[in-house]
Structures are given as C-alpha cells and as structure tokens.
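Chemist: Line by line, the protein sequences give chains L and P. For the first sequence, position 30 matches number 30 in the working numbering, and the numbering has no gaps at all. For the second sequence, position 40 matches number 40 in the working numbering, and the numbering has no gaps at all.
The hints are simulated quantities; they were obtained by calculation from the structure and are not laboratory data. Take the hints with a grain of salt, since some may be wrong.
Stated by the list, open to error - Partner residues aside, some chain P positions facing chain L, computed with beta carbon under 10 angstroms:
| no. | residue |
| --- | --- |
| 1 | R19 |
| 2 | D27 |
| 3 | R31 |
| 4 | L32 |
| 5 | D39 |
| 6 | D40 |
| 7 | Q44 |
| 8 | A118 |
| 9 | F132 |
| 10 | V137 |
| 11 | L167 |
Said to hold, decoys possible - A partial selection of chain L residues facing chain P, derived with a Cβ cut-off under 8 angstroms:
| no. | residue |
| --- | --- |
| 12 | F6 |
| 13 | E7 |
| 14 | V10 |
| 15 | A13 |
| 16 | A14 |
| 17 | H18 |
| 18 | P24 |
| 19 | R25 |
| 20 | M28 |
| 21 | W29 |
| 22 | R31 |
| 23 | I32 |
Note that the Cβ used here is the ideal one computed from N, Cα and C, for glycine as well.
One letter stands for each residue in the lines below.
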Amino acid sequence: MSADRFEDFVRRAAQAYHRPPDAPREQMWARIVAARAERRLARAARPSPRQLWIRWGLAAAAVLALGIGIGRGIGPGSPRPSGMEMAEAPAGASEQVPAAFQVAARDHLRHVETFLTVFQYEARAGLAADQTAGLARNLLMNTRLLMDSPAGQDAHMAALLDDIEVMLAQIASYAGSPTPADLRLIDEGIEQRGLLLKLRAASPAEYRALSAQGVL
Amino acid sequence: MDEREVIARVRAGDAVAERQLYDAHVDRIYRLAYRLAGDDDLAQDFTQETFIRAFERIEGFRGEAAFGTWLYAIATSVTLNGLRKVKRFRKREADLDDAAAIGALSTDADPDLKEKLASAVGELPLKYRTVFVMHDVEGYTHEEIGAALGVPAGTSKAQLSRARARLREALAGFAGEWVS
Chain L
1 MSADRFEDFV RRAAQAYHRP PDAPREQMWA RIVAARAERR LARAARPSPR
51 QLWIRWGLAA AAVLALGIGI GRGIGPGSPR PSGMEMAEAP AGASEQVPAA
101 FQVAARDHLR HVETFLTVFQ YEARAGLAAD QTAGLARNLL MNTRLLMDSP
151 AGQDAHMAAL LDDIEVMLAQ IASYAGSPTP ADLRLIDEGI EQRGLLLKLR
201 AASPAEYRAL SAQGVL
Chain P
1 MDEREVIARV RAGDAVAERQ LYDAHVDRIY RLAYRLAGDD DLAQDFTQET
51 FIRAFERIEG FRGEAAFGTW LYAIATSVTL NGLRKVKRFR KREADLDDAA
101 AIGALSTDAD PDLKEKLASA VGELPLKYRT VFVMHDVEGY THEEIGAALG
151 VPAGTSKAQL SRARARLREA LAGFAGEWVS
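Only chain P is shown next, with the shape it has when bound in the complex (with noise of 0.2 angstroms):
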C-alpha cells in the first residue's frame, strides 16, 4: 500500500495504519538513536518518543518531504534534545573514556584500533559525531542529514570533513593500519 494512504488512514485514526507506519520506520530510527546513545534504554526511550511525537503531529505532516525525512527529523531532535538532557552523566562517562584512553596510549599497552576510533567518536562534539553517524555509519546522504538537522547539504558536509579531520588526529598513532 502507498505510504501516502497509509498516513491519511493514520490521520484518520486508524491503529492498523499506525502499527504499519511503526512497522517501516522503526528498525532504521531505532539504529540511529542507538548509534548516538550507546544504549539500550535511552535508545528505546528516544525511539518511542519520536512515534508518540509524530502520531501526535501527523496533521501538521504536510507531505512536502518524504514521512522518512520528516520522522527522521523528529527523531534527531528527540535523541539529540535527550542526550543534552544527559550530558552531565556522558561527560562523566567520557572522562572515564578520556583517563582509560591516556594511560593505554601512555603505555602503549591498547593496541585495538576499533576500541580508540570508537573512543575518538564518542568524544567528538555532539554535532559533528551525529554527521558522522548518520553518514559514515549508518548510511544517510548529506540531503537527508541536512533535512533531518535543519541545516543545508554543505553544512552536512562541512561537519563530516570536520569530524573525519578530528578522527584523522586522534587516529594519528596508528596510521599504518589504513596506510598499509
């Protein structure tokens, strides 16, 4: 059935139409707001937000964009919104990644590159990190990310170099690995 029908049936209040909404979208929000969170419960938390907002919204979902771009958009700014709200606790979290990360390199005693790129990312401002996810990671064009953040496609990929230039940095230690 075309999405287009299924949103005028979900408008119309029709919770079969609702769970087949869920159903198309769920996998993909889920995976990105656990990319960013790194965790299960905020990840669910951040998913069910961003359906309960967009049942609640759908009137005003105009059909401009495609439902994905426009859920997509929600569901950044929920996970986003909720990992400011918890920035305390991750900066204490990041800390300890910080202190955990120095006395490995100091000793050169960690030799998994995977463990320091995912450290480097988590570290990475939240703005550049959730480009780079989105991109890098899980795959969205830099139209999609713009649409999603608000912002235009060039930003998108202004932030993507920014970032990739932060990893290249942080990474620097072990440049043989993609030398080679």
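Pulled out of the complex, with its shape left as it was, chain L reads as follows (with noise of 0.2 angstroms):
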C-alpha cells in the first residue's frame, strides 16, 4: 500500500469531516457586539481596588459606629462587666463587631428588598427608571462588600447576597434602555428565585418595625 495514495485518499476523504455550513456571520456580530458591551458594562460597574479599599473603609468604619452605638444604647441597662467576669465569660460571648456586621447586612437586605419590590412593579407596568440601573450599581456594590466582610462568612447569608449580586447585576448592565423583553427576564429571574421572599424571611419583623420607626 502506497503511503502517497493513502494520504491523497485521506486528505479527499477527509474533506467530509465535520464539513461546516457557512458561517452565520451577522448572527455571530450581533452577539459579539451584545457581549462586548456587557463586559464593558461589567467592568464600570466593578469599583477599582483602591474604590474599594475607601468604600470598604468607610462602610467598616460606619458598620463599627452603628455597632458601637448599639451597644452603648443597650448599655445603660447592664452594669459593664469586670475584667474577672470577662474573663470568666464563655469564647464567643463578646461578639461586638459580628453583631454589627449583621445590623449592617440586615439594613442592606431592607435596601435591596425596597429597590427590588419597586424594580417589579415598574418592570410591569412597563416603566423603566432613569436612575435604576445607578442604584443596581451601588446596591452591587455594597452586596460585594459584604460579601467579603464577616457578614458573609455566614452560609445562609452568603447564598442570600449570591442571588442578590446575580439579580442585581443583571439590573445595572442594563443602563442604557432595557427592553420590555429584559425587563420581564429579570423579573422572572427574582420570582424564580423567591428573592423577595428570602429577603423578607431574613428581616425579623421586630427589626423591620423597629426600623420603620426610625429606631435603627
């Protein structure tokens, strides 16, 4: 057998491999395009490091005097403890900073329930907000920052700010006109995913009565 006319049948044969149909070329642009702004959009939407690390700062720094004025709110009514009884206390006991960490997490998911309930209902009735894709944004943001915080170590609060990043981020990288078609994709998306309904089982009522009084 002649090597010469095995690789001049293979290479005719071979023609029939996989033989492609013409490429859908205006297909393929259109998507290119879509794709190409979405990440840009990603990408102005992603806050650099050093954003972060001031954002992150002053989020912390406010989390830690909501904290800290919590507790010297709840002060008065029990004696500080000695430093015996400190050190006698069980680990765990002193749990300052989580506890304002979760203050923090619960007034963000209050925000994000607000922003998303009256997302829904303009989805619907076919309005679209100016400003909606800006307070996705900063809603994306703050989710992100406590994602990273102790916050979101947290499983059931880590899976909860998941699900709210994705629906989030999908409202901001609509900024510029969002088709009525989009709009009710996303609000599927939250129904899909009982957002609203998690959101609101993870606000205990006392906290959202306490914060509708302005306590909190």
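Can you join these two chains into the complex? Each is in its own frame, and there are hints to help.
Modeler: The structure is reproduced here in structure tokens:
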C-alpha cells in the first residue's frame, strides 16, 4: 500500500469530516457586539481596587460606629462587666463587631428588598426609570462589600448575597434602555429565585418595625 | 485597504474597521472551529470568543506576524480550551461512537469508509486531530500551524505523521479502497 495514495485518499475523504455550513456572520456579529458591551458595563460597574478599599474602609467604619452606638444604647441597663467576669465569660460571648455586621447586613437587605419591589412594579408597568441601573450598581457594590465582610461568612447570608448579586448585576447591566423583554426576564429571575420572599424572611418582623420607626 | 491600516483604525476605536476585520477572517475561523468541534453552537461560541478576545487584545498585536496568524493562535487556543471543557461530554460521545464502530466492524455491516474515517479522526488525541484538520482538511501550512499552536513547524509535521499513522491503522480493513 502506498503512503502517497493513502495521504491523497485521506485528504479527499476528510473533506467530509465535520463539513461546516456557511458561517452565520450576522448572528455571530450581533452576539459579539452585545457580549462586548456587556463586558464593558460589567467592568465599569466593578470598582477599582483603590475605590474598593476606600469604600470598604468607610463602610467598615460606619458599621463599627453603628455597632458601638447600639452597644451604648443597650449599655446603661446592663453594668459593664468586670475584668474577672470578662475572663470567665464563655468563648464567643464578645460578639459586638459581628453583631454590628449583622445589623449592617439586615439594613442592606431591607434596601435591596425595597429596590427590587419597586423595580418589579416598574418592570410590570413597563416603566424603566433612568436611575435604576445606577441604584442597582450602588447596591451591587455594597452587596459585594458585605460578601467580603464577616457577615458574608455565614452560609445562609452568603447564599442570599450571591442571589442578590446576580440579580443586581443583571439590572445594572441594562444601563441604556432595557427592552420590555429584558425587564420581563429580570422580573422572572427575581420570581424564580424567590428572592423577595428570602429577603423578607431574612429580616425579622421586629427589626423591620424598628427600622420603620426610625429606631435603627 | 491595507490590513495594517484597518488594524490601526480598530485600535483607534473605529467600529466599521472592526467589522471589516471580522468579515475578512470570520469564515476561516468559523470553519476551523466547526471542523474541530463538529457542532454549530460550539463553533459559533468559539468564533465569537475569538473575536472578542482579539478586539480586546489588539493593542498587544505587534505586527511581527500576519494578523491572520495571530488570530488563528487565539482561535486555536479558545477552541482547544473550550473542547477540553466539554471533554467529558465528548468522551461519552466518543464512547458511543466506539461501541457503534465495534458493532459495525464485527458484523461487517458498515461498508462506509468515510464514516469510519470520520470516527477514526474523532478518536485521535486532540493535538493530533488539530494538526490533521488544520493541515489535511483546511489546508494550513506547517508554519501557520506551528505559529497558531505555539510549536515549531517540525513538531506540527511530526504530529501529522503520527495522526496519519493512527488513521492508517484504524482504516487497515479498508486498504483496498486507496490501493486500488
């Protein structure tokens, strides 16, 4: 058997191997343009490391101040423990900072819940508010800060923050003029994830009542 | 218009030039992706990703090689990485092909040499299959293949030789077809 003949034969026969159809040029080009625009938006929405540090620092300071404020507000009713009492307290009893993060997280979840409720209403009414994407970006940034904070170490909270991040990223990506189909898709996404229910479940009723009264 | 000029305009953010560059190369990129993937959706995904990366990285194109060569390097990288990601799926598919081929050979009920060839090509290791498809099917030179895969042209030749040897072995039962 001749090697040349085999090569010729294989070349001819292999032309039928995964024979491609005509390239769907327009279809692919439209997707390329859309994907690039989406990636640009995602990059723009992502804060720079410097911004992240500054904002994280400010957020941490605010949360700590809030925690201290809460501690002082509760303080007068309970005398400050002595050194001996503190030493004898069980491990994990001193949880002022994590508690402060929890408060900050609940506060954030309440904002997200309000935003998504309004967004759903507007989406269903066919309204597309100009500031929606901007608000979503701000909330997205705070969500990511929380994800990286001690509050995000709780598995339940982390899962919820993950869900929130996905939905906010989608809303933030439609910065221009989202079509009714885009809005419907996001609305369906919120429903499918049961996000509003989860958010409501994550905020205890007494906390919501206190928040509504301006106590927190 | 000279391609270098088009590239300069793309770097300056000219969307029309981007489309020109796309039109000039998309068919060959898609063909290669399709030949390697054997699936239209995957081929489209790989082609799209190739151009997205090319436009993102065009500042890094120094013009030492032809633009096409640079683009094929991105395309092969995207396609091969993509195919590795769907390797489990492909392996399952190949296993099914194996089973079908074994059954067919044992009963001598599959006289279609082209089908057997397609199956044998599909069973080649990815690096051999890539070189075989690029050279024997799509007509790339060993220099182009070497540049795209980041290997010397000699390596491309050696891999093609091994790919053909495996195919010859797989098609031994059909020797009469090409000898005659």
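Chemist: So, for every hint listed, does it hold in this structure?
Modeler: Hint check:
1. For R19 (chain P), the shortest C-beta to C-beta distance to chain L is roughly 7 angstroms, which falls under 10 angstroms, so the interface hint holds.
2. At a threshold of 10 angstroms, the smallest CB-CB gap from D27 (chain P) to chain L is about 5 angstroms, leaving the interface hint in force.
3. Because the beta carbon of R31 (chain P) sits about 5 angstroms from the nearest beta carbon in chain L, less than 10 angstroms, this interface hint is met.
4. Hint status for L32 (chain P) relative to chain L: holds, with the closest Cβ pair at about 9 angstroms, below 10 angstroms.
5. With 10 angstroms as the threshold, the beta carbon of D39 (chain P) comes within range of chain L, its nearest partner Cβ sitting at about 8 angstroms, so the hint holds.
6. Because the closest C-beta pair between D40 (chain P) and chain L is about 7 angstroms apart, less than 10 angstroms, the hint holds.
7. For Q44 (chain P), the interface hint holds, the least distance from its beta-carbon to any beta-carbon of chain L being 6 angstroms, beneath 10 angstroms.
8. Proximity of A118 (chain P) to chain L holds as hinted, the smallest CB-CB distance being about 5 angstroms (cut-off 10 angstroms).
9. Annotation: interface hint on F132 (chain P) holds; nearest CB of chain L at approximately 8 angstroms, less than 10 angstroms.
10. Taking 10 angstroms as the C-beta contact cut-off toward chain L, the hint placing V137 (chain P) at the interface holds, the least distance being around 5 angstroms.
11. Hint status for L167 (chain P) relative to chain L: holds, with the closest Cβ pair at about 6 angstroms, below 10 angstroms.
12. Look at F6 (chain L): its Cβ gets to within about 5 angstroms of chain P, closer than 8 angstroms, so that hint holds up.
13. The criterion of a C-beta within 8 angstroms of any C-beta in chain P is met by E7 (chain L), whose closest approach is roughly 7 angstroms, and the hint holds.
14. Taking 8 angstroms as the C-beta cut-off, the interface hint given for V10 (chain L) holds, the closest approach to chain P being about 6 angstroms.
15. Hint status for A13 (chain L): holds, given a least beta-carbon distance of 5 angstroms to chain P, under 8 angstroms.
16. At a threshold of 8 angstroms, the smallest CB-CB gap from A14 (chain L) to chain P is about 5 angstroms, leaving the interface hint in force.
17. Because the closest C-beta pair between H18 (chain L) and chain P is about 4 angstroms apart, less than 8 angstroms, the hint holds.
18. Because the closest C-beta pair between P24 (chain L) and chain P is about 7 angstroms apart, less than 8 angstroms, the hint holds.
19. Using the Cβ-Cβ criterion of 8 angstroms, the hint placing R25 (chain L) at the interface with chain P is satisfied: the shortest such distance is roughly 6 angstroms.
20. Annotation: interface hint on M28 (chain L) holds; nearest CB of chain P at approximately 5 angstroms, less than 8 angstroms.
21. Taking 8 angstroms as the C-beta cut-off, the interface hint given for W29 (chain L) holds, the closest approach to chain P being about 6 angstroms.
22. Interface restraint check for R31 (chain L): the shortest CB-CB distance to chain P comes to about 5 angstroms, inside 8 angstroms, so the restraint holds.
23. The criterion of a C-beta within 8 angstroms of any C-beta in chain P is met by I32 (chain L), whose closest approach is roughly 5 angstroms, and the hint holds.
The structure meets every hint from the earlier list without exception.
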